[in-house]
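> Work out the full structure, taking the sequences as your base and the hints as a guide.
One line per chain: the protein sequences are A and B, in this order.
Heads up: the first sequence runs through residues 0 to 42, numbered per numbering that gives the first Met the number 0.
Heads up: the second sequence runs through residues 0 to 131, numbered per numbering that gives the first Met the number 0.
One thing to keep in mind: the hints can contain errors.
[Said to hold, decoys possible] The list that follows gives simulated cross-link-like pairs (lysine-lysine, BS3-like), each with its CA atoms no further than 27 Å apart: (1) B/K90 to B/K102; (2) B/K90 to A/K23; (3) B/K73 to B/K90; (4) A/K29 to B/K90; (5) B/K102 to B/K73.
To be clear, the hints were calculated from the coordinates, so they are not data collected in a lab.
Note that this is a predicted model, so its numbers are computed, not measured.
Here are the chains, one letter per residue:
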Amino acid sequence: MLESVGFTSVRIAEYFDPFGGTSKERVARKYGVRGVNVQALGP
Amino acid sequence: MATLSPGATVVDIGCGAGMDLMLAARAVGPDGHAIGIDMTEPTVERARASARALGFGHVDVRPGDVLDVPVDSKSVDFVISNGVLNLAPDKRQAFGEVFRILKPGGQFLSGDIIVESELSESIRRDIDLWTG
Numbered sequence: 000m001l002e003s004v005g006f007t008s009v010r011i012a013e014y015f016d017p018f019g020g021t022s023k024e025r026v027a028r029k030y031g032v033r034g035v036n037v038q039a040l041g042p
Numbered sequence: 000m001a002t003l004s005p006g007a008t009v010v011d012i013g014c015g016a017g018m019d020l021m022l023a024a025r026a027v028g029p030d031g032h033a034i035g036i037d038m039t040e041p042t043v044e045r046a047r048a049s050a051r052a053l054g055f056g057h058v059d060v061r062p063g064d065v066l067d068v069p070v071d072s073k074s075v076d077f078v079i080s081n082g083v084l085n086l087a088p089d090k091r092q093a094f095g096e097v098f099r100i101l102k103p104g105g106q107f108l109s110g111d112i113i114v115e116s117e118l119s120e121s122i123r124r125d126i127d128l129w130t131g
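Here it is, written out as structure tokens:
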């Protein structure tokens, strides 16, 4: 989606586990919810 | 990708009470400019209070919406956002707003949550999955 509005060099710099150890950890795992740090270049 | 550099202009979309905004303000220094955007007046006021407490005269906190960001086009070096854009009802428009305000060569740095596959409508509407 970022590229569709014009961004370039889009990359996921890091994944993290935003729900680990919380009451929603099981749900997050089940549905593939992940944390991401994203970088992209503008115009 | 560069990190926030002294003298740069940075916008934090969905700055909340301003933790990341203050860190960004420290990184760009007094010759830079740190602009926070948040949609609720209480958090805007809290972020402003934090800036005052830290003596950050180069921080500007504005009430606003990610779908209509109150920042001039092509005017900022960095846009940062932490855990906010996943809440935007129209993500394409939100990303379009980020793109609009960045200068040529500007950078977008975001930490957020994603789902790895499309979720069914019944899952999307299950309130128990949304609440903690």
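> All the hints need checking, so say for each whether the structure fits it.
Hints, one by one, checked against the model:
no.	hint	result
1	B/K90 to B/K102	holds (20 Å)
2	B/K90 to A/K23	holds (24 Å)
3	B/K73 to B/K90	holds (20 Å)
4	A/K29 to B/K90	holds (23 Å)
5	B/K102 to B/K73	holds (4 Å)
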